[in-house]
Amino acid sequence: MTKKVLLKYSAEKAKKPILALIIKETGTLMNILHAKFDAEGGEILLAIDAPDAEAKRAIELFEQNGIETKELKRAIQLDEEKCFDCGACLSLCPTGALRLTDDYSIELDEDKCIYCEICVPSCPVRALEISKF
Amino acid sequence: MTKKVLLKYSAEKAKKPILALIIKETGTLMNILHAKFDAEGGEILLAIDAPDAEAKRAIELFEQNGIETKELKRAIQLDEEKCFDCGACLSLCPTGALRLTDDYSIELDEDKCIYCEICVPSCPVRALEISKF
Amino acid sequence: MNKSVAAINDRIKRGDAVVVTAEEMVEIVRERGEVEAAKEVDVVATGTFGAMCSSGAWLNFGHADPPIKMQRLWLNDVEAYSGVAAVDAYIGATQLSETRGFEYGGGHVIEDLVRGQEIEVKAIAYGTDCYPRKELETTVTKDDLNQAVLCNPRNAYQRYVAATNSRDETIYTYMGTLLPNYGNVTYSGSGALSPLHNDPNYETIGVGTRIFLGGAQGYIFWEGTQHAPTKAMGTIMTIGDLKEMDARYIRGATIEGYGTSLYVGLGIPIPIINERVAKTTGISDEEIRTNLTDYGVPRRERPILREVTYAELKSGRVEVGGKEIPVSPLSSLKQAREIAGTLKKWIEDKKFFLTQTVEGLSTDQVFQPMRQITAAPVAKDLMTREVVTAKPSDSITSAAKIFSKQNFDHLPIVDEKGKLVGIVTSWDIAVAVGTGKRRLSEILTSKVIVASENEPIDAIARKLETHGISGVPVVSTGGELRGILTSEDISKLIGRRRR
Amino acid sequence: MNKSVAAINDRIKRGDAVVVTAEEMVEIVRERGEVEAAKEVDVVATGTFGAMCSSGAWLNFGHADPPIKMQRLWLNDVEAYSGVAAVDAYIGATQLSETRGFEYGGGHVIEDLVRGQEIEVKAIAYGTDCYPRKELETTVTKDDLNQAVLCNPRNAYQRYVAATNSRDETIYTYMGTLLPNYGNVTYSGSGALSPLHNDPNYETIGVGTRIFLGGAQGYIFWEGTQHAPTKAMGTIMTIGDLKEMDARYIRGATIEGYGTSLYVGLGIPIPIINERVAKTTGISDEEIRTNLTDYGVPRRERPILREVTYAELKSGRVEVGGKEIPVSPLSSLKQAREIAGTLKKWIEDKKFFLTQTVEGLSTDQVFQPMRQITAAPVAKDLMTREVVTAKPSDSITSAAKIFSKQNFDHLPIVDEKGKLVGIVTSWDIAVAVGTGKRRLSEILTSKVIVASENEPIDAIARKLETHGISGVPVVSTGGELRGILTSEDISKLIGRRRR
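Residue numbers (this note's numbering), protein chains in the order written: chain E, 22 to 154; chain G, 22 to 154; chain S, 225 to 723; chain P, 225 to 723.
Mixed in with the good hints there might be a few duds.
Not close to chain S: a few residues of chain G, all C-beta gaps over 12 Å, as computed [stated by the list, open to error]:
# : residue
1 : Ser-31
2 : Glu-33
3 : Leu-54
4 : Ala-56
5 : Gly-63
6 : Lys-77
7 : Thr-122
8 : Leu-129
9 : Ser-152
Which residues of chain S face chain P? A few of them, derived with a C-beta cut under 7 Å, are [to be verified]:
#  : residue
10 : Trp-282
11 : His-287
12 : Asp-312
13 : Gln-319
14 : Gly-351
15 : Tyr-443
16 : Gln-450
17 : Tyr-482
18 : Ala-600
Here are the simulated lysine-lysine pairs, DSSO-like style, with alpha carbons at most 27 Å apart [claimed, not checked]:
#  : chain 1 : residue 1 : chain 2 : residue 2
19 : P       : Lys-604   : S       : Lys-346
20 : E       : Lys-34    : E       : Lys-91
21 : S       : Lys-358   : P       : Lys-716
22 : S       : Lys-467   : P       : Lys-455
23 : P       : Lys-643   : S       : Lys-346
24 : E       : Lys-133   : P       : Lys-538
25 : P       : Lys-547   : E       : Lys-36
26 : S       : Lys-237   : P       : Lys-227
27 : G       : Lys-133   : S       : Lys-538
28 : S       : Lys-538   : G       : Lys-103
29 : E       : Lys-133   : P       : Lys-547
30 : G       : Lys-103   : S       : Lys-467
31 : G       : Lys-45    : G       : Lys-94
32 : S       : Lys-569   : S       : Lys-538
33 : E       : Lys-57    : E       : Lys-133
34 : S       : Lys-716   : P       : Lys-346
35 : E       : Lys-103   : P       : Lys-503
36 : S       : Lys-227   : P       : Lys-237
37 : P       : Lys-467   : E       : Lys-103
38 : G       : Lys-77    : G       : Lys-37
39 : G       : Lys-133   : G       : Lys-37
40 : P       : Lys-643   : P       : Lys-671
Please keep in mind that the hints were generated in silico from the structure rather than gathered at the bench.
The C-beta atom is built at its ideal place from N, Cα and C for all residues, glycine as well.
Let's have the full structure, built from the sequences with the hints guiding it.
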């Protein structure tokens, strides 16, 4: 199963190519879902598509390199029956996981979701739901 | 000043011509404003237009003849500014003192009023007022 | 022959239109027939001035600083409803003052607004980031309001029932004070002048009809609540600018023992577009019938005593059971006539033009009772059936023994056929012993307040309250004692309901 | 060239009418000009789907047996208003449930009614001779109601301001959740599709205009509250039969931290009666401007940051202070487009005909603030001006002495110019003594929640509540300490108000 891991970089760590180094070292497939990053540090959301043990090893390596990691054990759902595409959630989403399509529909790209849950109560018809597992 | 006196006759007293006798005896001017009367007894509303002492004497004579008397020390007013001629009072008035004219206006004939006050609270705009003196 | 509203408006513009009141039209149709009347007359002006409880006004106060989203608000201590946007509120005619009770209500607030008087506003709120304010007090007149619009969900009942009272006590109803034993009759509506009765088929009246409303020009914008055209009980929703109205035609009212209301002056111009409409505007008081109804029975379906015509009602006397009973109109016939006259003059003076409606009103809507999920309990559902009784011939001493063993304070006295003939209380017994009386027949109270087996508990509860008593014997229609119902039995029920 | 509504209706009847949506019309006018567009197009269909707080419904329940005159009533625990006749009531969109708070309100009751769901009805009454019943509980669906009519005092704002937030905390407003430090922008209205913006001169829109309302055919029956056509902020009152509506276009909503509302789908058909109207229906998002407003300032007059166009807003990003800020529409643009499309289809399918209005709407009405008789108190009116302060360089010990003599728990720390640099509490002192700190500079909290001298008390009260604090230093615009305001000072004021 794909693990979603949020990496938090401090300003100091942001200068080093830690991600590249770890990918090189482990050979694990890691997909960058979302990154928000500058000289002050930032966040990278990774999807690690590997057997459990291998994924665990990669996460340990990040920690050893001084990167804070957080495994996201959640799922978010947009109930399309309830959603009437008002977009109240759009501007609250920090990663662009919620976005407006060309025909003004709301679309949820769960890959980008960091489960901050700011959008959930903002939905006037409770069409956004977080489940934890 | 004219005194208004309400005479209450029992069935027994109703049979005797007491009013006629007293008028004859005293010579006092007494005007019958309103009467409701049958074999069971009833009421007569009198206006006695005589000096105080003379009127008092006449009232005493009624009492001596077993007629209950009640001097009406009141005045009723219909505030024509407030009244909008709905007629809620009309059917409550036991003596016809409140009546509808041909043009559907409410008219108050105070001479006929026995100050029962049933009409007062029935007026939706409080246009009927009783004052006591 | 057919005339269009546009053609009639052209005639009004030219000063050629023939406008008559509905009363005048009765004579014209009677004398010349509807065919001639339709040719001659262009507009018939109607009018009514009666208590219309389903009236109220939308008010907009403008924003306060800091802003408030009014959660609850009071106008001269009468609660208005603000369950809409921040500073919009609806004040209804029957809402009572929290300090002055029946003497002042929403209807009076509306009249005071029309009169230009200052109204005290108090509001509370829960407070939000955009509307932080939680309390507000100010005073306003209609001039301070952005909108002050009379907006009535039910006006101008085509006709209404006439009311009387079979009970042996005076009752206070929305049909006015009703004297005991059919002592009087009340009715409402202006008969031949009634706006909706002049076009009962809704050929000319509909959504968008311009009308006389409270002295201003207003509009019909929907069928009214309880609209029942097939029963000649049509109603309309109306709207008009309160700021333009005249307090002569908008009057707050107190209906004794019932509550407050609003007298609304309303007139509809009927364009005589064809002979059918000419005929319906020719309707006379003799032709408008209604049911004389017994308000002494506190049920949804009240017994009908007879049919009466508005002609009889307007005569001031109605026969009930061989007696001539005095009548109260409740609506002001004088003002109804004045309104029709004013509307006629407005049209003649080219100040008022007719509208072509944008949609008709329903002609087949019916008025249904409320859906109830539980039957209302009646006396026999709650009464105690096993009642110890005594006979009139029983001795005081034997009755005294009963009281010593029982836990209630009223001993019903029944005759040999089981018919209730009176009641004796422990206090009566005590007095009897003191004064040397021997038999119950000497001391029983024969005037007993009773309930019938099928009388609803709510009505009995009101009876107990009104008379300040703690229980009543329950009797059959034949007068036989069937049980006893006490306020305690009723409290138990209400306790169950509240759970 | 001029066309009459009647002629357009004839074309609709014949199947010849050219109907386009307001978005399509933008292109037509842009490409061919209004003269050609007026010849070609008969009707422009508009649409909007947004939260419209000033919405609600009139309901008639029919009479209960025994009858009740509802004095207060609740629908699914949301209070409705029955200050009118016995069984009429108005339920408003923003009225909150008494058991579920912000999660359920009048808007949800209305949606549930439209969906045909059962609604719990509870009512109480004071009881009268004609309406003896004092309590009622039942359940109803819309089918059980005699009338269920959406009747909205304010719908379809022509346009509305856009909102952002200067504060350093998230705020919850009727414009949605606003992130700190201009973190996002929200707006409402459908821009080029906006019904009233397509006929801003009210040449075709007025009393009696038939519209798409909640999926049914409804009507405009008056100007809406806060109607301000000269500011391009016109509004309308609307009515339509709830029983015929579709829950797709009538949705109860919770606005986080603000309350409940109702999303209403509304579309107005604009008959292209002349070239002026063709031109106004050609308006594009680029031409519709509105003010980006700072909702961080909790006052009636909120600062305006800049003007933005609906084109910018719809692009999803707006520039504020050199930064691109994400935007939320709040109204559903997708549903607005769908509504315009449905209305277009209804007309093409001869299911919907236009109306000739019976009266215009005001074109010069203005929206005034509330009349207030007392100025709202601000910080400087209530604050304590004599405040004992300390300097950052003062010793812990000297500060401890101040606490021993004073009756408050916060010691403001000011620099030599009187500027507030931090605050120290008695708890800080205790900890400092325990950990061997010496100077106040080592322990002071520099992030202090403050109030400004002219900040309204209501806003400060909310601040104290939100942050769970008992008082704030009051500072000048330059940051100098001017006083202290505690919740106690505020309670005293509120106590005075309540007397």
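Checked hints:
1. With a minimum CB-CB distance of about 21 Å to chain S, Ser-31 (chain G) clears the 12 Å threshold, and the non-interface call stands.
2. Under the 12 Å C-beta cut-off, the non-interface status given to Glu-33 (chain G) relative to chain S holds; the minimum distance is some 24 Å.
3. Residue-level check passed: Leu-54 (chain G) sits 19 Å from the nearest beta carbon of chain S, beyond 12 Å.
4. Under the 12 Å C-beta cut-off, the non-interface status given to Ala-56 (chain G) relative to chain S holds; the minimum distance is some 17 Å.
5. Under the 12 Å C-beta cut-off, the non-interface status given to Gly-63 (chain G) relative to chain S holds; the minimum distance is some 17 Å.
6. No beta-carbon of chain S comes within 12 Å of the beta-carbon of Lys-77 (chain G); the shortest separation is about 35 Å.
7. With a closest Cβ-Cβ approach of about 9 Å to chain S, Thr-122 (chain G) is found to fall inside the 12 Å limit, against its non-interface label.
8. With 12 Å as the threshold on Cβ separation, the claim that Leu-129 (chain G) sits away from chain S holds: the shortest Cβ distance comes to roughly 15 Å.
9. Annotated as non-interface, Ser-152 (chain G) keeps its C-beta farther than 12 Å from every C-beta of chain S; the closest such distance is 19 Å.
10. Checking Trp-282 (chain S) against chain P: minimum C-beta separation of about 5 Å stays under 7 Å; hint holds.
11. At its closest, the beta carbon of His-287 (chain S) sits 5 Å from a beta carbon of chain P; the interface hint therefore holds under the 7 Å criterion.
12. With its C-beta approaching chain P no nearer than about 5 Å, Asp-312 (chain S) sits inside the 7 Å limit, and its interface hint holds.
13. This hint holds: Gln-319 (chain S) has a C-beta 3 Å from the nearest C-beta of chain P, less than the 7 Å allowed.
14. Interface restraint check: Gly-351 (chain S) against chain P, minimum CB-CB distance 6 Å, threshold 7 Å, status holds.
15. With a cut of 7 Å, the hint placing Tyr-443 (chain S) at the interface with chain P holds, because the nearest CB-to-CB distance is about 6 Å.
16. A cut of 7 Å between beta carbons decides the hint on Gln-450 (chain S): the least distance to chain P is about 6 Å, and the hint holds.
17. Given the 7 Å rule on beta carbons, the hint for Tyr-482 (chain S) holds: about 5 Å separates it from the nearest Cβ of chain P.
18. Given the 7 Å rule on beta carbons, the hint for Ala-600 (chain S) holds: about 6 Å separates it from the nearest Cβ of chain P.
19. Pair hint Lys-604 (chain P) plus Lys-346 (chain S) holds up; C-alpha atoms about 25 Å apart against a cutoff of 27 Å.
20. Distance check on the hinted pair: Lys-34 (chain E) and Lys-91 (chain E) sit about 16 Å apart at the alpha-carbon level, within 27 Å; holds.
21. Between Lys-358 (chain S) and Lys-716 (chain P) the alpha-carbon distance is near 15 Å, which keeps this suggested pair within the 27 Å criterion.
22. As the CA atoms of Lys-467 (chain S) and Lys-455 (chain P) are separated by approximately 23 Å, the hinted pair is consistent with the 27 Å bound.
23. With a C-alpha separation of about 40 Å, the suggested pairing of Lys-643 (chain P) with Lys-346 (chain S) is violated against the 27 Å cut-off.
24. The straight-line distance between the Cα atoms of Lys-133 (chain E) and Lys-538 (chain P) is roughly 23 Å, inside the 27 Å bound, and the hint therefore holds.
25. Taking the CA atoms of Lys-547 (chain P) and Lys-36 (chain E), the gap is near 25 Å; set against the 27 Å cutoff, the hint holds.
26. Pair hint Lys-237 (chain S) plus Lys-227 (chain P) holds up; C-alpha atoms about 24 Å apart against a cutoff of 27 Å.
27. Restraint check for Lys-133 (chain G) and Lys-538 (chain S): satisfied, since their Cα atoms lie roughly 23 Å apart, inside the 27 Å limit.
28. The suggested pairing of Lys-538 (chain S) with Lys-103 (chain G) holds, with an alpha-carbon distance near 22 Å, which does not exceed 27 Å.
29. At roughly 22 Å between alpha-carbon atoms, Lys-133 (chain E) and Lys-547 (chain P) fall within 27 Å of each other, so this suggested pair holds.
30. Among the hinted pairs, Lys-103 (chain G) with Lys-467 (chain S) is consistent with the structure: their alpha-carbon atoms are about 21 Å apart, no more than 27 Å.
31. Restraint check: the Cα-Cα separation between Lys-45 (chain G) and Lys-94 (chain G) comes to about 26 Å, which is no more than 27 Å; the hinted pair holds.
32. Taking the CA atoms of Lys-569 (chain S) and Lys-538 (chain S), the gap is about 25 Å. The hint holds against a cut of 27 Å.
33. Restraint check for Lys-57 (chain E) and Lys-133 (chain E): satisfied, since their Cα atoms lie roughly 11 Å apart, inside the 27 Å limit.
34. For the given pair, Lys-716 (chain S) sits about 19 Å from Lys-346 (chain P) by alpha-carbon distance, which is consistent with the 27 Å threshold.
35. For the hint pairing Lys-103 (chain E) with Lys-503 (chain P), the CA-to-CA distance comes to about 37 Å; that exceeds 27 Å, so the pair is violated.
36. With a CA separation close to 24 Å, the supplied pair Lys-227 (chain S) and Lys-237 (chain P) stays within the 27 Å bound.
37. A C-alpha spacing of about 21 Å is found between Lys-467 (chain P) and Lys-103 (chain E), which places the hinted pair at or below 27 Å, so the restraint holds.
38. For the proposed pair Lys-77 (chain G) and Lys-37 (chain G), the alpha carbon gap of about 22 Å is at most 27 Å, so the pair holds.
39. A hinted pair counts as satisfied when its Cα atoms are at most 27 Å apart, and Lys-133 (chain G) with Lys-37 (chain G) qualifies at roughly 24 Å.
40. Taken as a hint, the Lys-643 (chain P) and Lys-671 (chain P) pair is honoured in the structure, with Cα atoms around 14 Å apart against an allowance of 27 Å.
Of the numbered hints stated above, those contradicted by the structure are hints 7, 23 and 35, listed in ascending order.
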